[in-house]
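Chains as they are written, first to last, in the UniProt record's numbering: chain R, 1 to 250; chain B, 1 to 250; chain S, 1 to 250; chain E, 1 to 250; chain W, 1 to 250; chain G, 1 to 250.
Source of the hints: derived by calculation from the structure; they are not laboratory data.
Take these hints with a grain of salt, some might be off.
To be verified - Cross-link-like lysine-lysine pairs, in silico, BS3-like; alpha carbons within 27 Å at most:
| # | chain 1 | residue 1 | chain 2 | residue 2 |
| --- | --- | --- | --- | --- |
| 1 | W | LYS97 | R | LYS97 |
| 2 | W | LYS97 | S | LYS97 |
| 3 | G | LYS148 | B | LYS97 |
| 4 | G | LYS97 | E | LYS97 |
| 5 | S | LYS148 | R | LYS97 |
| 6 | E | LYS148 | B | LYS97 |
These are the residues of each chain, in order.
Number of protein chains: 6
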Amino acid sequence: MPALDFAFTPWTDVEARLTRPTVAVLPLGAVEQHGAHLPLTVDADLALGVARAIADPLDALLLPAMPYGDAWNNAAYPGTLSLSPATLRAAITDIGKGLQEMGVSSLILLNGHFGNHEPMLLAARDLAGGGLPCLHLDYPGLAELAEKHCDSTPAAPHFYHADEVETSMMLALRPDAVRMADAAPSYPTFPATFGAEPMQLRSFNPSGVFGDPRPATANKGRAFIEGIAANAAPIIAAFLHRHGIAVIEP
Amino acid sequence: MPALDFAFTPWTDVEARLTRPTVAVLPLGAVEQHGAHLPLTVDADLALGVARAIADPLDALLLPAMPYGDAWNNAAYPGTLSLSPATLRAAITDIGKGLQEMGVSSLILLNGHFGNHEPMLLAARDLAGGGLPCLHLDYPGLAELAEKHCDSTPAAPHFYHADEVETSMMLALRPDAVRMADAAPSYPTFPATFGAEPMQLRSFNPSGVFGDPRPATANKGRAFIEGIAANAAPIIAAFLHRHGIAVIEP
Amino acid sequence: MPALDFAFTPWTDVEARLTRPTVAVLPLGAVEQHGAHLPLTVDADLALGVARAIADPLDALLLPAMPYGDAWNNAAYPGTLSLSPATLRAAITDIGKGLQEMGVSSLILLNGHFGNHEPMLLAARDLAGGGLPCLHLDYPGLAELAEKHCDSTPAAPHFYHADEVETSMMLALRPDAVRMADAAPSYPTFPATFGAEPMQLRSFNPSGVFGDPRPATANKGRAFIEGIAANAAPIIAAFLHRHGIAVIEP
Amino acid sequence: MPALDFAFTPWTDVEARLTRPTVAVLPLGAVEQHGAHLPLTVDADLALGVARAIADPLDALLLPAMPYGDAWNNAAYPGTLSLSPATLRAAITDIGKGLQEMGVSSLILLNGHFGNHEPMLLAARDLAGGGLPCLHLDYPGLAELAEKHCDSTPAAPHFYHADEVETSMMLALRPDAVRMADAAPSYPTFPATFGAEPMQLRSFNPSGVFGDPRPATANKGRAFIEGIAANAAPIIAAFLHRHGIAVIEP
Amino acid sequence: MPALDFAFTPWTDVEARLTRPTVAVLPLGAVEQHGAHLPLTVDADLALGVARAIADPLDALLLPAMPYGDAWNNAAYPGTLSLSPATLRAAITDIGKGLQEMGVSSLILLNGHFGNHEPMLLAARDLAGGGLPCLHLDYPGLAELAEKHCDSTPAAPHFYHADEVETSMMLALRPDAVRMADAAPSYPTFPATFGAEPMQLRSFNPSGVFGDPRPATANKGRAFIEGIAANAAPIIAAFLHRHGIAVIEP
Amino acid sequence: MPALDFAFTPWTDVEARLTRPTVAVLPLGAVEQHGAHLPLTVDADLALGVARAIADPLDALLLPAMPYGDAWNNAAYPGTLSLSPATLRAAITDIGKGLQEMGVSSLILLNGHFGNHEPMLLAARDLAGGGLPCLHLDYPGLAELAEKHCDSTPAAPHFYHADEVETSMMLALRPDAVRMADAAPSYPTFPATFGAEPMQLRSFNPSGVFGDPRPATANKGRAFIEGIAANAAPIIAAFLHRHGIAVIEP
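Isolated chain R, as found in the complex (with noise of 0.2 Å):
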């Protein structure tokens, strides 16, 4: 049985998949620049798409992605909206309150921006501490899987951002979104004091590229997303397990 979309679900439904132990997985997206070829909503739409396939085998409730994070270091590309490290945190806060109050027990938070760690981090520490168990994931595993199905390399290790890993995620997920056409990779250096200070990426990197997305396909695609789920599958069972909840699976 799929997930509960919450775009397709009335509160009727919610309320009766409540009467079982019930997860919801909430999705963390970012309005951000991806360079020529990719829209500035890919975090929020990978995310979602990730979602899915971890909320589908556990019946989950799917919640809407928050499609605003925090892209502080992209803002000199236009297009790039964020907000605050305290505001995001607050609306996952208030977000996971408002599932603990419905008697959903537990929350998986997906996210798709790295911008977004640490204020999903306090979040989840926030809700932990008062009762709601809460995991939160990046794309687990994803560079053992970049590296085995990528033919193109990444601008810098464990960065993924508007390349061959992103494009071909997009492409299973949102072809109709994505110009190809526009695809050129960018390989910039990175200044010495990179990840030392805070930096506008553009002051570095004109065209927002990192790496080179045009190997990228669906294929791909389709692998990235099954494999994150596939890597993420065991890290749920030790929490839902370290947590006593017995999600039924039908």
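Go by the hints and put chains B, S, E, W and G onto chain R.
Frame of chain R; chains B, S, E, W and G shown alone:
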């Protein structure tokens, strides 16, 4: 030329558009019960649809809808999820500041959910005080349109929720998400203190429907959306004129 | 037995009163321009007068009016002073918590200034959520009373500011603070975006008067106050009944 | 020429006054127990009275007293109500900012309640940092005045609460609100940790009176008010001189 | 048995100590100018020294001093650094909550810097309200000790800053950090509004010294430290007794 | 010329130093368990030691270490004490603003505790946005140094806590605070959800040691400190160059 829908727009198109005076439109929704026949995302779905109708003739930036809002008084129906008023206000303000830094000339907030009204106003005040003209619209002229097009009567004056109006608009925008077979009327008796104290709607309305959704049709929905956009047009024109913004309409 | 007006009440009387279920009434005012014929304190003066009319039959605690409110859109008229919405909300919430700790059974917020409406609602939600039933009243039924008693027409529907209504009430409550010789009518033209964007009233109304204060009389003022109190009575009765509070009326 | 008391002043008079350098005086009170013979509003009543004595020779703006303050350590006596220190500080800062925007040259905070001291200082620091010179006065020279005029001794050094001093001032300002028949002395024993840990005064003083109110007279009250104003005059003169403000005294 | 100085204590010792009722002592300092002969850390150095003298007989937990405080009025002397009052209050409250969760029975705040007084009080109120008894001490009885031991007079009553008192204490605790050759007296004239408006001390005192540090000796410093500890002892005993805490002194 | 260590520096020296471009170094520590053989202050002790090695060649201002940090996941070991992330961020931001007002050209944050990383980043963003260039360093190149110098293996990749690395550094800096007799290895099994949900380390590690501290020596400790400083040097040089700051190295 249609709006630049961020779900299909790379940052390079936004940069190109910003060489002329540019308006942004931000739809505000909610995750909230809408009876047994409509999904929890109705308010964001409708706000996005109306925002598109408003944004297209302005060649505006059409931002992703904020899917979560302040739906406190529907919290007793499972599935409803809220941001606190302070969080919602902060989110709108954060987004507006990003638009201003990007070079956008003004912002139109298009609100699809009553509970968002005040956080929206306060965010608009913050932004306008900071130099970004900010128009905030709930569906202008909806009461007159409802009286004109509806075959049913509302449950209370100016109260349209999961009824013929909203159901029609959903049939026009996302018919696959509507379950007309489950549409049923509900005309609850309002408590004497309704509107004068904090109150959960479920305390006097078991179904969550206010009015009668059964006469809804997609044609009526299109009439509402077009009518709202038509009502909004002169207000927007006055707004732009008042602030000396010459948006070039192709 | 009249209300316990804190301006004349030692704490020992409050302690004695609290042996029975006790309601508190908090008037909310503003420091705001009211034309050339009325003082800046009108909103607090009127709120206190109406609050007294409501508190007396309840043998309630009549608290000092909060004299400052959110009068942002009158800021361009010198003399107007505002609390931010967040400060006002916090002030009401702080006071309400103190009442709850004291043993008061419920709180009635009596608001004399439109701009306070939303901070009042949010404070009421905070307090009700914390266990203190909280009714919030703007002058109930004022439109009908104005239509019945006034010889002039309002400047806009439901808009009563420094006009026949407010001037009459001031003549009834504090005639020594009214300068009828300076009362002059003003029927400004409202901008098309009025109510849809943050706007200073002075941008289209030089005098600050909305309507015609000249026909005001103290008798009409008393009719307004008594009429509002009469309209409030059944709402208050329903509120107390809803929360199981049996206030003994002597 | 007396001060412009906002309770009797239309905005047009304020605008006219602001053509010359203008000082505003904001009295700070509290809703706090003052024994069985004085009402809960004493601190605001006295602060307003002293503020008037200070404001008159300056032809200043006399603002409505903030009736609520931070009276935390009297909370155990029913009737006492507090703003949190943060709320009080924010309220004073909000009001000060409004005065600055209006064109007022400086602000005098006249504090009638010990517990307000620190929020007042912090607000003054905020405002001075923002460019509004801000003087904060607790009753200057009160100890010497008390020693000179009182027939009773205080309950502790520099501690005047519901005693001969405050009762006399109330007899001078609002005699109808004083119940001399209920005035009774109280000289409690202070715990060894008084002043060194948070403590409710009621834990060692059942009546709330500190000292002996019985010798109070209106004449003494007038002597206190005039004496405080006389003590304040050179401080105010030095303050205005220090900031180069030439207030024209008629 | 001496205090458990956290700078030398593993967590296992703390756990062992907590099997008996345990007091923690938190010294509060500041980074603030102290003339040309003393380092910027004087207030934390002295607070730690006094805290140790107090903590030893209690076998207490001696926490690391908070080295930063609120030294706003010394900001014009380079080297001075401040936390805002809100940050300082939050820091103390955070630490106190951690102590409470750990099982500590009570907290003694030992303050070495005047500007910390109010944030300390508010934090103590927060903590006491949350169930952790909290004593706050500025150097008790310092005025009497200064009068007894000093050969110089203070620059103003109760004002000891970079003078004979503080210099002597530094000579007793950290003589290697004192430059007696640079010690010079300073008796500035205080402005008439000192204490009644926010004011930088440098505006009337070029050197930063208040009084005469030259007669300072280490012996006097030890007398101050021992004297303060002796004055604190009965207050602490009363505090522990008041809260029923039986600290076993070995 | 060595750094100006604030623990030995009067304000007059700071003022003199500020006539040339000046860097400040702020060490960030924590009060956190470090096994049975190391004191609770290790993180601040080491951060100060490394900061000194970095500050000396820059002739920088060496600020007092912030001894408290965010050690939430060690809270279950008594003795651990935390600031909330928001408090820590505010403290760093407050200090940075003070440095900027003082005329310091840039700030280096030297972090000795993993849990401080994100509050440090956000504070750096605040400060850089306000015009103070801000570099944030965790011990750069520590993994390579550990692999080079250690005889033991870490408990997990990039995880150095109370192990050979930290114990060696403490032996180099504060040998009197180390109890080598109590040093014992611990290689716990990490839960599958480690890093993916909020988790107390004590839930799977009774001792608090991660790795084997027994091979630690002071010589290794010096090698770590010197190695980190050497790794930091080119990053700092790039940082200063990037911001056009010419620090004169004598």
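Taking the hints in turn, this is what the structure says about them:
Note on LYS97 of chain W and LYS97 of chain R: the hinted pairing holds, with a Cα-Cα distance of about 23 Å set against a maximum of 27 Å. With a C-alpha separation of about 23 Å, the suggested pairing of LYS97 of chain W with LYS97 of chain S holds against the 27 Å cut-off. This hinted pair does not check out: LYS148 of chain G and LYS97 of chain B have alpha carbons roughly 48 Å apart, beyond 27 Å. Proposed proximity of LYS97 of chain G and LYS97 of chain E is supported: the alpha carbons are some 23 Å apart, at most 27 Å.
At most 27 Å may separate the alpha-carbon atoms for a hinted pair to count; LYS148 of chain S and LYS97 of chain R exceed this at roughly 48 Å. Note on LYS148 of chain E and LYS97 of chain B: the hinted pairing is violated, with a Cα-Cα distance of about 60 Å set against a maximum of 27 Å.
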